[in-house]
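Protein chains in written order, with the working numbering: chain A, 1190 to 1548; chain B, 30 to 545; chain C, 1007 to 1312.
Quick caveat, the hints were computed from the structure, so don't treat them as lab data.
Because the structure is a prediction, the values reported are computed rather than measured.
Positions of the beta carbon are idealized from the N, C-alpha and C atoms, including for glycine.
Keep in mind that a hint or two might mislead.
As the list claims (entries may be wrong) - Simulated crosslink set (EDC-like; lysine to aspartate or glutamate; CA at most 20 Å straight-line):
hint	chain 1	residue 1	chain 2	residue 2
1	C	K1073	B	E84
2	A	K1289	A	E1303
3	A	K1291	A	D1262
4	B	K362	A	D1203
5	A	K1291	B	E452
6	A	K1516	A	E1542
7	A	K1292	B	E452
8	C	K1074	B	E84
9	A	K1289	B	E84
10	A	K1369	A	E1191
11	A	K1516	A	D1498
12	A	K1289	A	D1341
Claimed, not checked - Using C-beta positions, here's what the derived DEER-type ranges look like:
hint	chain 1	residue 1	chain 2	residue 2	range
13	A	V1204	C	A1088	32 to 40 Å
14	A	R1253	B	W447	46 to 54 Å
15	C	P1247	B	E197	15 to 23 Å
16	A	R1253	C	V1293	52 to 60 Å
17	A	D1497	C	L1194	28 to 36 Å
18	B	I77	C	A1160	45 to 53 Å
19	B	L195	C	E1161	19 to 27 Å
20	B	E206	C	L1052	53 to 61 Å
21	B	L72	C	S1045	40 to 48 Å
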Amino acid sequence: MEVELSNLSKKFGDVVGVEALDLDIHDGEFVAFLGPSGCGKTTTLLMMAGIYRPTTGTIRFGDRIVNQLQPRDRNIGMVFQSYALYPHMTVFGNITYPLKLKKVPRQEQQRRVEAAAETMGIAHLLDRRPAQLSGGQQQRVALGRALVKEPDILLFDEPLSNLDARLRLTMRGEIRSLQKRLGITAIYVTHDQVEALTMADRIAVMNLGRLQAFATPDDLYERPPTKFIAGFVGNPPMNFLDIEFAQENGTLQLRSESLELGLPPEFAAAAAAADGAVTFGIRPEDIILDDNGPVSGEVFVVEPLGRDDLLDIIVGTEHFLLLADPKRKSRAGDRVRLSFDMTRAHFFDPRSELALSWK
Amino acid sequence: MAAAGALTNINTDSMSGRLLLALRNGLLAALAMALLAFVFHSLLRPVIGSALVEETLTITLSRLFLVLLPIAAYLAAGTAVRNMEERHKALILALVAVSAVYALVVGAQAFLGAGPFAPRPSLQFSARQTDEGILVEALEAGGAAEQAGLQPGDIVTAIRRDQVTLTELNRRVGLAEDDDPFRLRYIRNGEQDQLTVRAVLQSGVDYSAIVTGLVIALVIAALSIYWPGRTLPYILLAVSLLPMVVGYLWLIIATFSYRTRGILPLDGQGNIGGLTIENWGFLVGKDIAGLEFSIWQVTLNSFLLAVMMTAVVLLVSSMAGYALSRMSFAGRKFFLSFTLILHGFPAVTLLIPIFFILLNLGNLPLIGDLIGFNTLGGITLVMVAFDLPLGIWLMKGFFDHIPWDMERSALIDGASRWRVYREIVLPQIRPGLLALGIFAFIGGWNAFLIPQTYSIGAGTVNLPVFLNELIDETAPVDWNQVAAVGLFQLIPIFIFFVFAQEYLLNIYAGGTKGSS
Amino acid sequence: MQANLTAYGFMAPAGLLVLLFFFLPVLIVLYLSLTNLASANFTSNLAEMEFIGLRNFQTLLNDQFAKKIFFNTIFYVMSTLALFNVTAALIVSLLTAHINRRAGFVFRALWILPRITTSTVYILIWRRMMAEAPFGIINQVNTALGWPTWNYGAENPWVFVILVNGFIGISFGMIIFTSAIESIPADLMNASLVDGSTYLQRIRHVTLPLLRWPLLFVVTYQSLSLLTSFEQILLLTDGGPGLYRTEVWALTAFHRALSNYFGNTQWGYGSAFAVVLVIIGVILAVVYMRVFRFDELVAEPRIEVL
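Isolated chain A (complex conformation) (with noise of 0.2 Å):
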């Protein structure tokens, strides 16, 4: 099923939940959205869950607005962060609920829950209460509540945050092979970017309510629209630094108090469209420890990632994080020389954030 988001805003009083939202779903997509915590991406799945009014705007359910229709006549599943299994049912019951409540005939509803425990390999849990079931399970029992009725679209509220990393593994790949499988279009909020990056098709990035980029994983970490996505994307997170753009002798360059560097040309266009102070930013893979590096620094701090080594590394006044071999032991106080993939340099305007590079 299509789902399209024209114009959609929701107001908690004088608060901004979500503004001016437009969003186009296709069907049997996997869309996540991505952001930090309040930034409208629950809020929006509730209102294409029928929970909450949109204040303006419209949601559009294939060829059907659904604005005006109940939770329960909108054909969606929904897991949650929570699970929200009912504690005073056994998993049969909480399978079978919204069966029982469309009234689906009693053999019915018993064939039903019991395929859709059988997908979910929960089949030897069906007389369990949700107390006596671990989170991996319970998770598991919400995801067939909510396919038992053949919905058309699956929501998901950041269903793998209560679960332990390992187990969060699994599911992911799991939710997302049973998703193409049948084909459902699922809609998956997340404040997790490897969730994110890893399971959707197409990833909406929101912020402050605002919808700051809708585009697949890849187009996102490569070419990301806004300092904000650069920054939220990735993780160890790009280095940003303050620099302007100089002519030297006919070869483009970027300077900043501690650092002058020489950029292809390609960036010419990007640096013709700035006005003097520019955001650099570049991601902690493209700066290499390289013995023959232009620029000098000194390590500040080095935390272990277990396969890289993270360094924070100061040059001049300014802090960069890079990954490094473990095997070159490095430690606090290394003198270093480092080297810049330029090729992939981001540059952005400081006062709207726009990409400079990308457009």
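Starting from the structure of chain A, add chains B and C where the hints point.
Chains B and C only, in chain A's frame:
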């Protein structure tokens, strides 16, 4: 002024400084109590106009402060030195300080002629209690009794027609004022006669009182250092509960005996004994004097009232509580603050107008016979209404704690608000329903004032009202029978008390649970 | 709009009862106090009652007994409140918080017995406590100790009126104070312990300051309860012995309008007494809501459907 300054800036590092601090605190406490006693005793009545103030009340309060005066003073003196490093030094200081405060208090009493130095009314003869009466042993020369003509060897038996013992005589004399006459009956040489002795105020010092006072002072000083310790709180708590415990004990003993003196059961001869289960005969159909119908009818009424009230309170307050907690609608804020105001409002002040409401409800067609004046339905509705502010507020609090997602999930699953309330939300607030249910049941089962006020017919009488009728009879009250019915009425209460203390403790704070 | 209708459906039963037994009665009692309704001209039809303006209140102001009852009430409320509902309650909750948790709970539970015992039985017990020798329990103790016996009911009824109500009143403050004491962070107590403070210092500097709001709440809430409740006095002394010796304001309203011994029931005049309490009640109830910030608990719900 310099002295005052010295008193407020006491250097507490030195022993003498601490002693001074203890003395100061003790005296300040004594002064404060004396002032309060004085206000109640002498100032209040003239200021307000004596006819308007119940004298026994003010005098009692002033006495209370006089009794508290030394205790407060010693405690204040003792605790002032409590926080010293070394316990024994603190104890010595406290004892010294309290003795000094005591000396000052006694000195003040000597100066004012109060306490042990106060002149006491006396008939000026000494006597002892014998089997026949009060045997006069010696007379004070020229004293009141001698002047009246009493002689040693006389046996005083009564004041006017009241038989008295020596303690009773002493009590009456102690309460007398100067020159109050006492018409004593006495037996001299087998002849009965009477004469009038006029009480005189006799000065003298009650040394035993002074010594006793000093011992008490020193004990309090020691306690103030070692307080509260391990056992003292238990003792204090147990002693404070003693009246209740003894009272319930009497109730239980009385139901199993023919008659009681104090808490002792007595048989026909006045000896301890005479136990019986006859008082419980009403359970198996024995008539209770003054009751024209079966006790089971009354019990059934009580039970019906309690059950109906519980059911209606639970239903109505959970519905309203759910709407206030979970729904947005025009006027919600108004309803909420109105509920809160009602929660603080004393409904019992509305008994008079509700009488008229019930009279008029009774005139309604069809339902009038169910909910009007003098119907169980009407009484139930009034009691439900009185419990609603608490009930709604409590239910709302419980609903507030249910995760929103659970309800959203049910709505998305296809439930209506009514089904969400019934099938999803209500089952989750069972503890709240239980607490409010117990509260309502106890309220209905114990209901006295409202059934008493709004019923005149037999059909609506419940156990508490019936008990009151038994006590208010003009005929001599059979206290043991009353006790048995009372204990019978208390059985469900005791059951709730044993099994639901935690709920009771929470809900009898008005559901506030210390929030505020 | 359908959302409103569903919500009003849920609110309707409560709303109707509140309308019938709170809202209308307040209006009716105001109206009754301006009529001369008595047994002689009784009618339950409000329109037929005779309106006499403020004359009931004039009578009340000139009533010598009303003055005595007024002062009775003031003394009764203040002394019960000061001695029991606040002081004794505070002491009980401090003591029970000091001892073993389980034991403290048992003692607190015992203290609610007076509150949950039926008033008639509770008063029955007290009447036997204060009865004359040789039947009374207290007098039995007096006799055993060789002390004089008293006829407490006749000689000092106020002591028992205050005791009877005070024993019930302790539990409310006790529960409020205890939950306040228990909510004091253990860290705060430990910090104060480490500082080397004594038990009394901890009470003075840690416990009591944090009890300020609960104290204020108990004082205001309980003074209103004491001011308006009269069930126990009705059963214990019925305002006697003698003329109005233990009569309080709320009991007078009841006596005048609903339970007149002489058969001359004065609904109008009784309502004038009740109106005074109703007005005090409304004012204090509004004050609680403001002072104790109950209104801050009013948050908007987070489901908007239906």
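A quick look at each hint next to the structure:
Pair hint K1073/C plus E84/B holds up; C-alpha atoms about 14 Å apart against a cutoff of 20 Å. Between the alpha carbons of K1289/A and E1303/A the distance comes to roughly 15 Å, so the proposed pair stays at or under 20 Å and holds. A C-alpha spacing of about 10 Å is found between K1291/A and D1262/A, which places the hinted pair at or below 20 Å, so the restraint holds. Of the pairs offered as hints, the one joining K362/B and D1203/A holds, with about 17 Å between alpha carbons and a cut-off of 20 Å not exceeded.
At most 20 Å may separate the alpha-carbon atoms for a hinted pair to count; K1291/A and E452/B meet this at roughly 15 Å. For a cut-off of 20 Å, the pair hint linking K1516/A to E1542/A is broken: about 38 Å separates their Cα positions. Restraint check: the Cα-Cα separation between K1292/A and E452/B comes to about 15 Å, which is no more than 20 Å; the hinted pair holds. Under the criterion of a C-alpha separation no larger than 20 Å, the hint pairing K1074/C with E84/B is consistent with the structure, at around 11 Å.
The hinted pair formed by K1289/A and E84/B fails the criterion: a straight-line CA distance of about 74 Å is larger than 20 Å. A threshold of 20 Å between alpha carbons decides the hint, and for K1369/A with E1191/A the separation of about 15 Å falls inside it, so the pair holds. Between K1516/A and D1498/A the alpha-carbon distance is near 9 Å, which keeps this suggested pair within the 20 Å criterion. Proximity of K1289/A to D1341/A is assessed by CA-CA distance (about 19 Å); at most 20 Å being required, the pair is judged to hold.
Our hint of 32 to 40 Å for V1204/A and A1088/C is violated, since their Cβ atoms are close to 48 Å apart. Taken as a hint, the range 46 to 54 Å is violated for the pair R1253/A and W447/B, whose Cβ atoms sit roughly 26 Å apart. Checked against the given bound of 15 to 23 Å, the beta carbons of P1247/C and E197/B, roughly 21 Å apart, stay inside it. Between R1253/A and V1293/C the C-beta distance comes to about 53 Å, which sits within the given range of 52 to 60 Å.
Roughly 44 Å separates the CB atoms of D1497/A and L1194/C, a value that falls outside the hinted 28 to 36 Å. In this structure the hint that I77/B and A1160/C lie 45 to 53 Å apart at CB is violated, the actual value being about 24 Å. Between L195/B and E1161/C the Cβ separation comes to about 20 Å, which falls inside the hinted range of 19 to 27 Å. E206/B and L1052/C have their C-beta atoms about 56 Å apart, which keeps the hinted 53 to 61 Å range intact.
At roughly 43 Å, the beta carbons of L72/B and S1045/C sit within the given window of 40 to 48 Å.
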